[in-house]
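With the sequences and hints as input, model every part of the structure.
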Amino acid sequence: MNEIAPTHVTETAMPDVARVAECATSPDPGTEPALCARAPIGMLCELTHRCPLQCPYCSNPVELERANAELTTAEWQDVMRQAASLGVLQIHLSGGEPTARKDLEDIVRVAADVGLYTNLITAGVTLTRERLAKLVEVGLDHVQLSVQDVDPENADRIAAYKGGMAKKIQVAGWVKENGLPLTINCPIHRQNIHNVPRMIEFAVEMGAGRVEIAHVQYYAWALINRASLMPTREAFMTAAKQVEEAREKYKGVIVIDAIVPDYYAKFPKPCMGGWARGIVNITPSGRVLPCHAAESIKGLPFDNIKDRPLADIWLNGEAFQKYRGTSWMKEPCRSCPRKEIDYGGCRCQAFALTGDAANTDPACSLSPMHAQWQAVAEVESHTPNAPEFIYRRVGGATKKPEAHNAS
Amino acid sequence: MSEPTAPKPAPTRLIVTGETKLVMPRHNKLRHDAGRGRWIILAPERVFNPDDTAVEVLKRCDGQRSVSEIAEALSQEYQAPLDVVTTDILEMLQDLTDKGVLIKAP
Ligand code: SF4
Ligand code: SF4
Chain W
1 MNEIAPTHVT
11 ETAMPDVARV
21 AECATSPDPG
31 TEPALCARAP
41 IGMLCELTHR
51 CPLQCPYCSN
61 PVELERANAE
71 LTTAEWQDVM
81 RQAASLGVLQ
91 IHLSGGEPTA
101 RKDLEDIVRV
111 AADVGLYTNL
121 ITAGVTLTRE
131 RLAKLVEVGL
141 DHVQLSVQDV
151 DPENADRIAA
161 YKGGMAKKIQ
171 VAGWVKENGL
181 PLTINCPIHR
191 QNIHNVPRMI
201 EFAVEMGAGR
211 VEIAHVQYYA
221 WALINRASLM
231 PTREAFMTAA
241 KQVEEAREKY
251 KGVIVIDAIV
261 PDYYAKFPKP
271 CMGGWARGIV
281 NITPSGRVLP
291 CHAAESIKGL
301 PFDNIKDRPL
311 ADIWLNGEAF
321 QKYRGTSWMK
331 EPCRSCPRKE
341 IDYGGCRCQA
351 FALTGDAANT
361 DPACSLSPMH
371 AQWQAVAEVE
381 SHTPNAPEFI
391 YRRVGGATKK
401 PEAHNAS
Chain G
1001 MSEPTAPKPA
1011 PTRLIVTGET
1021 KLVMPRHNKL
1031 RHDAGRGRWI
1041 ILAPERVFNP
1051 DDTAVEVLKR
1061 CDGQRSVSEI
1071 AEALSQEYQA
1081 PLDVVTTDIL
1091 EMLQDLTDKG
1101 VLIKAP
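So the protein sequences, as listed, match chains W and G.
Here the first sequence is numbered in this note's numbering, starting from 1 and rising by one per residue.
Here the second sequence is numbered in this note's numbering, starting from 1001 and rising by one per residue.
Because the hints were derived from the structure by calculation, they are not lab data.
Check each hint, because a few of them may be wrong.
[To be verified] Partial chain G-side listing against chain W, Cβ under 7 Å, derived:
1) P1011
2) R1013
3) M1024
4) H1027
5) P1044
6) V1047
7) F1048
8) P1050
9) T1053
10) A1054
11) A1073
12) E1077
13) M1092
14) D1098
Don't be surprised by glycine CBs; every beta carbon is placed ideally from N, CA and C.
Now the structure itself:
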């Protein structure tokens, strides 16, 4: 990805959030580390874990938070005010499905009033034309619409939701008629990777200024479903080539951001642009996390926005301090020249696969676990029949896999 | 795949020349970030950090002035050779246009 524009303008990509667990593509939010270390530039707000879709790679935790635990309107509005005074620049309203909150307009209004750049991350299926117009009126800046596949039947099957595609086409049209910029987000995996070029074409047709070819990251639900989702290395290489070709073809027409699957990379991504460095995540019930998957690290204590100011949590919260910077690192990271580039990769992945979040992410070729970990991808991606999906729903992870047909 | 809409012309890349008049669409926001003491452009899923020169150029991209006019004004103001300024800002503006930060004035 091209991070630096010629000479005069540098660029910081936000981590692509919600749908797929994600990491910042450019680690440095600015020129003055002393200041930038102090405030996050982006805040991910998981407004709710409710969602009409059931994507088997959902980045929400396997233990979904219930509706009755969600922050109130006033509490979210207060979060917005606190974020702006702390120095947050952009907020990403996600979920679950953020439009499931009836008070979304009231939250966006306050966010826009305090000067935050507002990004709505939605699957679109429950949005109406009136509602979107209202959101734009109160200050919404950008819409990111997820597309499960360009083949409508396959999309329905992946999300366990019927008729999603037609609705998404409508929503894209409404976004454009309101003069808003549109991003199409395509989570990529074994069961739709063959359609990458068509997804990019689809985004161009929809008038999107940006498309994310976002390979699924294997945390949370995606980890449970890894054997159904992991593409082969060959399929991944083909898709990567197709993305390069499309970038040439559509230069100046659409920006294509590609998120590489860890399993096929040599070095890990700077997850979240570095732990507690540029991004803060708030769960539906108000837990403040350095990354949306952080709760998977057992024993790490998290503060709630109801008990402690955002700035204090960000600066001093135990979970934030624990893996901030580089002093917590062990070998091989500790003496590695890349440690300020990738910050040792993803803490959640390190924890999930090694039992200690301070270990090097096994995605790194220098990790002692790397070979073993890659072998898993090799084997799983080549199984002749992908196992049935375990769909994302409350209690779903403990149930038996479902039949492939959408409900 | 697209539904009821009449066939639209395929979007094409805008090539920036001296005559082009550029403007920042309303969803991109050039603003001063007081907390960090720098200028920023807020854009979809991106924050751009323009340096002082870029800020001077961007402030002049008002949809009225052409790239040549902007280059001339800056070359006089900063007493820099016009051809150097022109090459420099054309390259920058093409890149920002490719990234959707600027668009052709309607
Ligand atoms: S189920 Fe799908 S649409 Fe719903 S939050 Fe998860 S990834 Fe997004
Ligand atoms: S050893 Fe650690 S710091 Fe070095 S490349 Fe691997 S993950 Fe990054």
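Hint check, failures only: 3, 11 and 12
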